[in-house]
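*Asks:* Sequence:
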Amino acid sequence: IARMFSFDQKFIVIDTETEGLNLRYSNPWEVSYLEACGKKILKRKQIYIDVPNLNLSPFIRKLTGFDEDKYNKLKVPAQEAWAEIEKVIYDETFLIIGQNILKFDIFMLNQLCRNATGKEINFSFLDRILDTRYLALAAKNDIAKPRDGNFLNWSYKIGSDPKIKGKVSQLVLLKDFGIKFDPEKLHDGLYDCEKLWEIFCELKSCLKL
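Quick note: the sequence shown uses the numbering used here, first residue 1, plus one each step.
Warning: the hint list may mix true and false statements.
[What the hints assert, rightly or not] What follows is a set of in silico ranges between Cβ atoms, one per label pair, in the way DEER data are often shown:
#1 4 - 180: 24 to 30 Å
#2 141 - 179: 18 to 24 Å
#3 142 - 88: 29 to 35 Å
#4 63 - 88: 21 to 27 Å
#5 166 - 72: 37 to 43 Å
#6 184 - 44: 18 to 24 Å
#7 177 - 53: 26 to 32 Å
Think of the hints as simulated: they come from the structure by calculation, not from any bench. Every residue, glycine too, gets a C-beta built ideally from N, C-alpha and C.
Sequences are here, hints too, so could you generate the full structure?
*Replies:* Structural data, given as structure tokens:
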């Protein structure tokens, strides 16, 4: 079976860290991404976002290893953060990778866009998203990649089918593929991106992408 993506295809791996899980009102305080091509990471970027009255529970602070001094030193206005993210997600030469990005991170990017511009995000980049959650479900359930290359419809169909099951959290996938990781660093946005890139490379091989 022919591979779908050329070796020189460029990818963006993106992750957000947020105040909570509310898709409408939780604010992202970190957005990290890396650029990759072939099997190499070409660029890493970690952006801390200035959120007025940032509200992080003790659980979130512990889970993410939130460093208040580092955050206060490096945070930038939402407008600056969005300008950086907007530049990469709308670059049509990149495919966009994320873990559960279709059900969570795209809404956090929308919140960032609203905070920066007062407007809703333009979701035209959705058809370039490869969500590792659905790629992993496909791999575990022997589901073939979409012949027409429409991963968006394919992903939503997988996600809406109750018969398609499997444990596909990032932690589970790291263990499944035998990828070395430091559990203390998980939920640091940039570290998660790096580990997710390794997971994607494994899934790309499994699904012959």
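*Asks:* Evaluate each hint against the coordinates.
*Replies:* Evaluation of the provided hints:
1. 4 - 180: 24 to 30 Å: holds, 28 Å
2. 141 - 179: 18 to 24 Å: Taking Cβ atoms as reference, residue 141 and residue 179 lie about 21 Å apart, which means the hint holds.
3. 142 - 88: 29 to 35 Å: holds, 33 Å
4. 63 - 88: 21 to 27 Å: holds, 26 Å
5. 166 - 72: 37 to 43 Å: holds, 40 Å
6. 184 - 44: 18 to 24 Å: holds, 19 Å
7. 177 - 53: 26 to 32 Å: Distance hint for residue 177, residue 53 is violated at roughly 40 Å.
In terms of the numbered hints stated before, the structure departs from hint 7 and from no other.
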